[in-house]
Amino acid sequence: MHYIGIDIGSTAAKVTVFDNEKIMDNFTLPTGWSSVETSRIIKNRLEDGGIEVEKSKVVATGYGRISVPYAEKTITEISCHGEGVKYLLGEDVTIVDIGGQDTKIITLENGRVTDFIMNDKCAAGTGKFLELMANTLGVDIKELTDMALEGRDISITSMCTVFAESEVISLIGQGTDRSSISRGIINSITGRVNSLLHKQVRKDKVFLTGGLCEMESFILLLSQKVGVKVETHKLARYAGSIGAAILAGNLE
Amino acid sequence: MRPKVMEEVEALRGINSVKIKEAHEEGKKIVGMYCVFSPSEIALAADAISVTLCGTSQDPIEEAEKTLPRNLCPLIKSSYGFAVTDKCPYFYFSDVLLAETTCDGKKKMYELMGEIKPMHIMNLPQTANDEDSLEFWEKEMVKFKNFLENQFSLEITDEKLSDAIKLMNRERKALRELHSLNSHKPAPLSGMDMMLAQWLKGFNVDKEAGISIIEKLIQETKDNVSKGLFAFDESAPRILLTGTPIGVGSEKVLRALEEAGASVVALENCTGYKGLDVLVDESKDPITALAEKYLSTPCSCMTDNNGRLDLIGRLCEEYKVDGVVDLTWQACHTYNIESYTVKKYVQEQLKLPFMQVETDYSDSDTGQVKVRAEAFVETLKI
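So the protein lines, in turn, are chains P and V. When the letters of the first sequence are read in order and numbered with the numbering used here, they come out as residues -9 to 242. When the letters of the second sequence are read in order and numbered with the numbering used here, they come out as residues 288 to 669.
Just chain V, same shape as in the assembly (with noise of 0.2 angstroms):
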């Protein structure tokens, strides 16, 4: 049974869109941002909100395309198109964009949108495997925090960056917690509530009310599993996602899979529970741990990706799983190169049955993809 807490959940797409423009209004500054390699916390310790900008929808692309080429991956079209239409009320009342060198289409594209509005870019190393990159990627944190103290006028301090971190691993812990509610067999929450919930903490302009809503959401699911009351029955196949990042808008794989009768239990990806496997250490120097968390972020964009098949093998196994899905983008080279390596891992060692799907935000092969689903969730059943 959906919670009915799902409900204000949802309400937080309507509520924050006016909240964000309330704040602007109140002479709050507001840093927009992309990727869960963003540390939102030095933001927030500049006294600004940070928030996700949209990039989940196909609606902007035949904007974005009018510049930039059609052949490459639709969240970095979708992320520039809101930014050219102005459909995106987070990315409107942005007073400053942060963005990241994750991948080259990325990249490229943040020098067109560096155009529009003033934004700082995060040099991200290639590799987390080393000295160097750490000690690089804290300088990269200290030019950030520089950056919004120039661009706001004020000093950050490192007890507000404390506190700041604190936060942060506090709705961390939240989303964490709820989405391990699903590790229970039968899951409690479907693929689709799961992914909402967890999608929307960015956009959250008040931290507090994102976490308490989180809280009441646990508490009714965890009400719901002492019923008896589930989203899927026990026979459900269970599914790992992981690949590319979804939101409302590029959903239609996760939706396909549950709609064929499987119960997506583990997002893996970075709109999932990727960012949520790592705290902040809260007795180090804040800015070293900022750096060391974010760089342990397992992304494809990063050579090499063990951490990835480490982090799918764990919740493989806590999470009960039989299939693992690997969304990939189309044009993503790097989650698509990745793929090969992830299936290998998956048949090879967790003996688990894997399937890639390549896609874009379009409705165009939704046939197509509710075969791959089918089929594949009729393989796990027989």
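One chain only, chain P, in its complex shape (with noise of 0.2 angstroms):
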């Protein structure tokens, strides 16, 4: 039996398929104009691979959750990242997930997700932010985190994504170096996780999921500024499609 979860975030869809007990495939696409489309696109991807997705079970999570039709159910990915968190560390943490268009912390206990917090209606914070931010500098986002290391430690003030890119540009402007804005940025961004950390009950680890997840330097600054050591797994980009697919294997 395949249990098959499906995480179609704001800017990549994340896929995991378990073979029974264990894990066979995880792959991500970009999420694209559609979510219908793309989940189409996973489909034909899954059935060239030789799985039957008619037979299998399926959770969709993800702001996309509702665009996939051969979902058997759609559970939100608060509860997916919990879940799939477990799977990969199986202790009490607190997880961090950035993701394209909100920001997530939510505390595990016993294996239970036992609060959450969002930071949205706004890009402050977020993957998005990061996005367009790179794209100001003319650089990929994994540059930018590597650039942050080198840079000085300056702030950027401006909590609205639309004021903070006037800030990067201003600060282009006076002839700053490319890696202190690079800093700049990233501070923004690890300074508002570390406030949103500070609402809630914190566990002794930190867990980081989502795509920044694989940027080293990113994670070493963030470490920098929550004042622990944050914890990554190489698979925590899927924590949201693990979870989804365990879930599966829990239904009915």
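Errors might be hidden in some of the hints.
[To be verified] Straight line, CA to CA, 25 angstroms or less: simulated SDA-like cross-link-like pairs of lysine to any residue:
id, chain 1, residue 1, chain 2, residue 2
1, V, K668, P, N240
2, P, K193, V, Q643
3, P, K193, V, I624
4, P, K193, V, Y627
5, V, K638, P, L187
6, P, K195, V, K638
7, P, K118, V, D652
8, V, K657, P, T1
9, P, K132, P, F153
10, P, K118, V, G654
11, V, K668, V, E635
12, V, K607, P, N100
13, P, K63, V, T653
14, V, K291, V, K514
[What the hints assert, rightly or not] Stretch-level coverage of chain P by chain V, calculated; a stretch enters the list once three of its residues show a Cβ under 8 angstroms from a Cβ in chain V:
id, region
15, 63 to 72
16, 97 to 104
Note that these hints are calculated values from the structure, not bench results. Cβ coordinates follow ideal geometry from the N, Cα and C atoms, glycine included.
Put the two chains together into one complex, using the hints given.
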């Protein structure tokens, strides 16, 4: 039996396939402009890989969760991330998920989500913010986080992404080097995450999920800001889809 | 199952907007008010009609923003927007307005609104915890009474005040009984219907007719309970909704919670149970009794506001609540800051899951609100 978790976020779609107890495949693709189209591509790709989607249990999560017609159930990304991190780490932890359009802090206690907070309505502190800023600087996100490590510890104070962009442009105008501007950009995200972390009960461990978990420089800078070594896992970007697949396995 | 009387309750919206016009044409005096701190008894004792004014819809906000700043609480913008656009029949037909200095936003907005119609502002103390506040608030009651006596050229007697107090206490008792029906597990009424029935009371031009509809609703709901007919099944997580007031047009968080499968069993906010908890003491001097009752309202504009924690605690126990949701409007500093205290109390003392949702009246964050509501309900279920 195959259990499939599909996490359609605002930027990327993540898919995890369990063959009974163990992970068989993980893959990701850009969400693009249509979640419905994305979910169709995912289905084709699964079937090309020899998986009978109609005979499998499918749970969809993320903002595009309602656009997966072959999903038996939709579950929010909060519960799925909790379940996924429980699988990857297996202990009490505070999860930081920096997504494309929101940042979530989730408390996992005894394998259950007991509290969560979301930074939304505003792009500040999200992946989208980072993407826009990287564009302004003419680099990709990986380059931006690496440059940030070398830069001076300056701050970008605007909470609004649009104003922050103006602030970055004025720093460019003043001749501030790109590394320091990058550092300022990362500081604005880690600072936002740090203040969200203080709004709820924090476990000893902090675990990062989402696409940024693959950026070592970012994890280093986030750890410095938060004051503990932020942990992650090579599959942490798939935490949501792993959780969804596990929850699919729990379906009757 | 939804009680049939709910249709009559819903129809009140249309009926009341006609009745207010008729009352005005008959020469009845109308006092418009906004807040649970407003002593409607004094207006009733002046043979006037007391009505709540509109302020729960997004519609007039754009117009309000021509004058007011955008980053202001939606309730204040909506109230002002309705006033300047003449879209609220209750505002339109009001002879005088009663306002209170509950928060800075409202206080300053009222200065602008006061240019449209005669307005009396009651100066609300900042704390309910000392003798001076009560004495001060009693004087404010007297000032409002004098204002109406002058405006309407009449005398408000103690006897009239006592009658009005008895009438409003009867209304409170009826609404309190209605609210308490949802302490039954499973709840016989949806939170949406409860909100509607509680919220609409303010617009009742004919108080007696309003009370009898509520009594009919209580009877039918009780019959449903005895027949085993409920709004949700036993497994639905039971939620207490606290925080800022809601009405038709600003119910999106309540709706999202129930659409996610929760049963909102208790509305602690001021459009729900908050104003019903304490009655006016009928044995005391009417002005003193009114001052005591209204000053005891556990609103976030007071410092401290531990009475709110006490009320949440009592309701959580009585209504067998599984989780607490605190709704706060953007730029409502008092409720937004107090949310920290409420969260601590709910999680540490009551040991219950808690979620704050900060939003406004617009549909711009419907997706995000839905995710939060669903995620919260999931954490209560798993």
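Compare the distance between the alpha carbons of K657 of chain V and T1 of chain P with 25 angstroms, and conclude whether the hinted pair is satisfied.
-> Given that 25 angstroms is the threshold and the Cα spacing comes to 19 angstroms, the pair holds.
**Asked** Does Q643 of chain V lie within 25 angstroms of K193 of chain P when you go C-alpha to C-alpha?
**Response** holds, 20 angstroms
Mind checking, does the region 63 to 72 of chain P have 3 or more residues with a CB under 8 angstroms from chain V?
holds (count 5)
Check: Keeping to a limit of 25 angstroms between CA atoms, is the pair of K668 of chain V and E635 of chain V held or broken?
Finding: Judged against 25 angstroms, a Cα distance of about 20 angstroms means the pair holds.
(request) Assess, step by step, whether the Cα of K195 of chain P is no farther than 25 angstroms from the Cα of K638 of chain V, and give holds or violated. (result) Distance ~22 angstroms between K195 of chain P and K638 of chain V Cα, so the pair holds.
Please verify whether K291 of chain V and K514 of chain V have alpha carbons no more than 25 angstroms apart. holds, 15 angstroms
Quickly compare the C-alpha distance for K118 of chain P and G654 of chain V to 25 angstroms and report which way the hint goes. holds, 17 angstroms
| message | Check the hint pairing K638 of chain V with L187 of chain P against an upper bound of 25 angstroms on the C-alpha distance. | response | Status holds; Cα separation ~20 angstroms.
Restraint check for K63 of chain P with T653 of chain V, where alpha carbons must lie at most 25 angstroms apart:
Satisfied, since the Cα-Cα distance of roughly 20 angstroms is no more than 25 angstroms.
Has the given pair, K668 of chain V with N240 of chain P, been kept, meaning a C-alpha gap of at most 25 angstroms?
holds, 14 angstroms
**Prompt:** Taking a Cβ-Cβ distance under 8 angstroms as contact, does the region 97 to 104 of chain P have three or more residues in contact with chain V?
**Reply:** This one holds; 3 residues, not fewer than the three required, reach chain V with a Cβ under 8 angstroms.
* Asked: Regarding the pair K193 of chain P and I624 of chain V, is the alpha-carbon distance no greater than 25 angstroms?
  -> Holds, because 24 angstroms separates the two Cα atoms, which is no more than 25 angstroms.
The structure is consistent with each of the numbered hints, conforming to all of them.
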